[in-house]
Amino acid sequence: MVRAISAFLDFCYLVRRDTINTDTLDDIDRALERFHREREIFRSTGVRKGANAFSLPRQHSLSHYHYLIEEFAAPNGLCSSITESKHIKAVKQPWRRSSRFEALGQMLITNQRLDKLAAARVDYAARGLLVGPCTNLPAFVLEENAESARKDAAADAEECIEDFHGSVEDVGTGDGQPTDDDVESDVILARTPGKLIQNNRAFSYTNVCM
Amino acid sequence: MLAQISGVPQLPYLVRRFLYEQMNPLHDPDNISPDQYPTFRGRVRVYTSATATYHAPSDHSGIKGMRRERIRSVGSWRGGGARRDCVFINNGNDTPGFCGLDAAQVLLLLSVRHEKVDYPCALVAGFSPVADSPDADTGMWIVEPDVEDKRTGRRGLQVIHLDCIVRLAHLIGVSGEDFIPRHLHHTDTYSAFNAYYVNKFADHHAHTLAY
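Residue numbers (the working numbering), protein chains in the order written: chain W, 1 to 210; chain X, 1 to 211.
Since the hints were made in silico from the structure, they are not lab data. All C-beta atoms in this analysis are idealised placements derived from N, C-alpha and C, irrespective of residue type, glycine included. Keep in mind that a hint or two might mislead.
Quick look at which bits of chain X chain W covers, simulated, 3 or more residues with Cβ under 8 Å [as the list claims (entries may be wrong)]: (1) 20 to 33; (2) 41 to 47; (3) 98 to 104; (4) 109 to 122; (5) 137 to 144; (6) 175 to 183.
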């Protein structure tokens, strides 16, 4: 059972990687094959019974991952319970907001409007309209503010990126991030040193209990 | 004095050896006698934590996203026992996965000032892999503590520069088939077992590193 779970976790974490090459695909296949082999213990001990013991949608979907990764690139952490989570926002809540009379039509309209609002928000954010003071101002003032807000937003964004680390060389987007050396990881000490207290004994770790 | 308080009498020697390595990166400190290591009379500061930041792209933070975590080494954590985290160290082999790494426990986080240069470093107790491949049952690498003196069980210690540290590691004691004694406190786990699993299932970053 430990081997089955180990193989399954290996599969999950391999599929979770952000870059998947042919070696990773081979590892994924091997992990899946190991999992299928080792999970028979659950059938032989009677935990799951019968010919359709493992006929579970999410487990079946594992066998499609290889092909889908080749078609659509790495899932990179896309959760398999997205349908479950979306059900709440897209079905349950609109239904509760409806008058229950011919609810389907109402739910569809609700979803359509929510999508339009989300798209509008993305559009406004891209134009820099959501930065800065609130908008009870005439249109020409708004436009001016939008201009300067856009410039500020762009400058801030650049600062943040420079501040917070260099780019990664394997991405290859080359969109002008100014880096001379690519820093992929860094370890820095805390700002203030600790107090030298009497019981800060590292000694107990310098001996192995024999 | 720090050596006395922390109970590590060989600390001054280890610091001097570390400084020799830093100042002479192409030379092996084992090739010369310890008397030739630089004399050190500078300031040493002890820190309780360090942050490790590394590349971790995700949908949330984009392809250049980084992740930050804290490595702690304190004498008393939240009023209880000591907490000394384990870390992965880059051992210089360019091989991917755990072959290019070592695991070690951070005993002290130090900043050593020598000739007007601050060296952030750490006193670590190392672990070495037991076999050439991961354990067949769990899929995890097994490591055992580096011991300098088998008779007394004294651990092999080293002072390393913080740049060698990659990120936190989680080690699980190999308990075999017996029950774990009731009186074993969780703060003592890293010194209580003869071998440890390197937990690659802690999160996906650990999986990529310790595969």
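Cross-check of the supplied hints:
Evaluation of the coverage hint for the segment 20 to 33 of chain X: breached, as 0 residues show C-beta separations to chain W shorter than 8 Å, against a requirement of three. Coverage of the segment 41 to 47 of chain X by chain W holds in this model, with 3 residues showing a Cβ closer than 8 Å to a Cβ of that chain against a need of three. Coverage of the segment 98 to 104 of chain X by chain W is violated. Counting CB-CB distances below 8 Å, 0 residues qualify, and the rule asks for three or more. Look at the segment 109 to 122 of chain X against chain W: 3 of its residues bring a Cβ nearer than 8 Å to a Cβ of that chain, three or more, so the hint holds.
Counting residues of the segment 137 to 144 of chain X whose CB lies closer than 8 Å to any CB of chain W gives 4, so the stated coverage by that chain holds, three being the minimum. Counting residues of the segment 175 to 183 of chain X whose C-beta lies closer than 8 Å to any C-beta of chain W gives 0; at least three are required, and the coverage claim is violated.
The earlier numbered hints that this structure contradicts are 1, 3 and 6.
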